[in-house]
Amino acid sequence: DTAVSQTPKYLVTQMGNDKSIKCEQNLGHDTMYWYKQDSKKFLKIMFSYNNKELIINETVPNRFSPKSPDKAHLNLHINSLELGDSAVYFCASSQTGTYNEQFFGPGTRLTVL
Amino acid sequence: TQLLEQSPQFLSIQEGENLTVYCNSSSVFSSLQWYRQEPGEGPVLLVTVVTGGEVKKLKRLTFQFGDARKDSSLHITAAQTGDTGLYLCAGTGAGSYQLTFGKGTKLSVIP
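Here the protein sequences come in this chain order: A and B. For the first sequence, the working numbering gives the first residue as 28, with consecutive numbering after it. For the second sequence, the working numbering gives the first residue as 3, with consecutive numbering after it.
Excised from the complex, chain A in its bound form (with noise of 0.2 angstroms):
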């Protein structure tokens, strides 16, 4: 029944460590986004797929790398982790012509120690 799932909910690592953060969604939907949440709880997007192309690639730093294998995965991968990286990651997803109405997923704590 879930509508956007993600793995892992919470991701504890090392500084310089390379992980990944998995996200479904069996909505439907031909649109799928990253957003980060910082401690302030503002929510920046960060990426955006559209039918498995990239359409949204906001400033963030080349060692965040989005893949979308289909259109219900967009992955997150990210090298070399810095303690600025420590945040909430959420996975959305939407439909064309549905004015971005957003259905987003759990979230994925990671801190970097």
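Warning: the hint list may mix true and false statements.
Said to hold, decoys possible - Below, in silico cross-link-like pairs of lysine-lysine (DSS-like), each with a Cα-Cα straight-line distance of 30 angstroms or less: (1) 72(B) to 94(A); (2) 108(B) to 58(B); (3) 46(A) to 36(A); (4) 94(A) to 105(B); (5) 72(B) to 46(A); (6) 59(B) to 79(A); (7) 63(A) to 46(A); (8) 98(A) to 49(A); (9) 108(B) to 71(A); (10) 72(B) to 67(A); (11) 46(A) to 59(B); (12) 36(A) to 58(B); (13) 79(A) to 94(A); (14) 67(A) to 108(B); (15) 105(B) to 36(A); (16) 71(A) to 59(B); (17) 63(A) to 105(B); (18) 49(A) to 79(A); (19) 36(A) to 108(B); (20) 61(B) to 72(B); (21) 105(B) to 49(A); (22) 68(A) to 59(B); (23) 68(A) to 61(B).
Just so you know, these hints were derived from the structure itself, not from any lab.
Given the coordinates of chain A, assemble chain B onto it according to the supplied hints.
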């Protein structure tokens, strides 16, 4: 860059009181949404408004889109503890895939 300013940033009220949260911009949006986020969860869509002057009601919550489509408000009548959460407004410019979020209003309803 389209910016959305939300006010107040924090709001703490007693159960049963009424409150209004504001979302303002100098830019015109083709649509505007309100989300509620509870601790440890993702934001959940409450409503979308698309027409200037539009008013939508969701039980005790009333949402209004400004006539010029640059601002919006959320009014809660007789707040309940279950209304506690972070309220986020988000807008989309014409022809854009991108949703711009405000910084949110953290509401605490005290029993």
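30 angstroms Cα cutoff - pair residue 59(B), residue 79(A): Roughly 36 angstroms separates the two Cα atoms, so the pair is violated.
Straight-line alpha-carbon gap residue 98(A) to residue 49(A), limit 30 angstroms: 13 angstroms, holds
Given hint residue 67(A) paired with residue 72(B) - CA-CA distance at most 30 angstroms: Answer holds: residue 72(B) to residue 67(A) is near 24 angstroms, not above 30 angstroms.
Residue 36(A) paired with residue 108(B) [C-alpha distance capped at 30 angstroms]: 23 angstroms, holds
Restraint status (C-alpha distance of residue 71(A) to residue 59(B) at most 30 angstroms): Holds - the C-alpha atoms of residue 59(B) and residue 71(A) are around 28 angstroms apart, at most 30 angstroms.
30 angstroms limit on alpha-carbon distance, applied to hinted pair residue 68(A) and residue 61(B): Holds: residue 68(A) and residue 61(B) sit about 26 angstroms apart, inside 30 angstroms.
Given hint residue 105(B) paired with residue 63(A) - CA-CA distance at most 30 angstroms: Measuring from Cα to Cα gives roughly 13 angstroms; hence the hint holds.
Given pair status - residue 59(B), residue 68(A), alpha carbons within 30 angstroms: 26 angstroms, holds
Distance restraint between residue 49(A) and residue 79(A), which requires alpha-carbon spacing of 30 angstroms or less: 15 angstroms, holds
Given hint residue 46(A) paired with residue 72(B) - CA-CA distance at most 30 angstroms: Measuring from Cα to Cα gives roughly 40 angstroms; hence the hint is violated.
Straight-line alpha-carbon gap residue 46(A) to residue 59(B), limit 30 angstroms: It is violated: about 43 angstroms lies between the C-alpha atoms, which goes past 30 angstroms.
Restraint status (C-alpha distance of residue 79(A) to residue 94(A) at most 30 angstroms): At roughly 8 angstroms apart (the allowed maximum being 30 angstroms), residue 94(A) and residue 79(A) satisfy the hint.
Going through the hint list in order, the structure does not satisfy hints 1, 5, 6, 11, 12.
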